Amino acid sequence: MGELRGKAEHTEAIRTGRRVCVVVNTHSRRGRRLYPRVVATLRAEGFEPIRTFAVVDPRRLRATLDTALAERPDLLIVGGGDGTLSAAVKHVAHRDVALGVLPLGTTNNFARSLGLPLDLPGAIRVFRTGKVADVDLGVAGDREFANLASFGVSVEVAGTVRPWLKRLLGRAAYPLTALTILPRHRPFRAFITADGRRHELLTHQLNIANGRFHGGWQVARDISIDNGRLVAYQLGSGKRLRLLVETLVRATTGRWRSLAGGPFVVGQEMYLETDPPLAADVDGEVRLMTPITIRTVPNGLRVMVTDDFVDS
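One point on numbering: in UniProt numbering, the residue at position 213 of the sequence shown is 213, and numbering is uninterrupted.
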């Protein structure tokens with residue numbers, strides 16, 4: 001992809017040259033409603049985008065991102081949910097361009113992991129006052145991702161949760177949908193090999209996180225998107241009742257009272273086997289199956305963050 005500028009030089013180029021392109025997923029009602037405000041607020045902050053794109057058909061998103069990057073912007077501003085941003089991550093990774101995040105989704109896990117403001121004016125202000133940082137990139141099989149690879153009941157939840165319920169309840173729609181699925185869900189056995197050690201567990205849900213948030217809630221304080229490590233953890237155990245209770249607590253209070261099993265495996269690369277083989281939800285895309293290797297690429301992605309972000 002060519003040589004990358006220093007981050008300070010890249011930051012200065014964005015602040016002074018202001019070469020930006022904007023891609024907003026307007027397939028969602030929120031994206032469609034906020035798109036005019038995005039463009040107006042950017043102009044109010046002193047940005048005159050090279051080009052702006054409203055993506056009505058999600059199947060055109062990847063081609064649109066390619067078209068935007070062909071303009072050679074210093075900053076590619078992308079608005080949408082975590083699925084939209086995950087697609088953008090794959091395009092921006094390892095390139096001499098920074099990703100600017102507009103959190104227009106339901107859970108906004110990626111924006112939360114970066115410590116970004118979740119309101120539109122605050123997020124856009126970061127492009128003028130913030131800095132370029134490099135953060136870790138996850139890779140599951142051959143697919144790059146920003147946040148999370150998950151296995152178990154959440155894969156069924158993602159395919160079942162109703163759009164109207166997400167609009168009505170926001171991120172609480174996910175644990176509430178899980179409550180309807182859990183009574184018939186069977187636990188699975190997982191084997192994780194990391195740093196030469198093999199770990200075994202029985203659970204209904206396993207996550208391997210690059211970012212710090214899942215479903216819009218913080219998983220644990222010691223998880224970071226910029227420490228060169230993945231964290232694998234289970235939600236609940238093999239006991240359905242325990243996970244039912246924890247899911248209900250999360251739905252009503254917005255947090256896990258406990259992480260049964262806790263964050264228990266940390267490593268730069270993990271090999272996961274499950275019995276039975278399971279589908280992998282990789283940042284919202286369900287295309288891979290276990291067994292699978294998941295690894296992190298330290299500093300594989302450039303993003304625009306607040307000036308006080310600790311860039312390790």
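These aren't lab readings, by the way, just hints derived from the structure by calculation. One should not assume that every hint holds.
Claimed, not checked - In silico EDC-like cross-links for lysine to aspartate or glutamate, where the CA-CA straight-line distance does not exceed 20 Å:
no.	residue 1	residue 2
1	K90	D66
2	K90	E45
3	K90	D142
4	K90	E3
5	K7	D311
6	K7	D142
7	K90	D308
8	K7	D308
Everything numeric in this text was worked out from a predicted model, so none of it was measured.
**Study point:** Agreement of K90 and D66 with the hint, judged by alpha carbon distance not exceeding 20 Å
**Key:** holds (11 Å)
Practice item. For the pair we were handed, K90 and E45, check the Cα-Cα distance against 20 Å. Key: violated (27 Å)
Check your understanding: Straight-line Cα separation of K90 and D308 no greater than 20 Å?
Key -> Answer violated: K90 to D308 is near 26 Å, above 20 Å.
Review point. Given the hinted pair K7 and D308, is their alpha-carbon gap at most 20 Å?
Key: Distance of about 15 Å is within 20 Å: holds.
Review point. Taken at face value, is the distance from the CA of D142 to the CA of K90 at most 20 Å?
Key: Between K90 and D142 the Cα gap is close to 11 Å, so the pair holds against 20 Å.
Review point. Taking only the CA atoms, is the gap from K7 to D311 under or equal to 20 Å?
Key: Since the Cα atoms of K7 and D311 sit roughly 10 Å apart, the hinted pair holds (cutoff 20 Å).
Exercise for review: Take a quick look at whether K7 and D142 sit within 20 Å of each other, Cα to Cα.
Suggested key: Distance ~27 Å between K7 and D142 Cα, so the pair is violated.
Review point. Keeping to a limit of 20 Å between CA atoms, is the pair of K90 and E3 held or broken?
Key: holds (18 Å)
When each numbered hint is compared with the structure, violations occur for hints 2, 6, 7.
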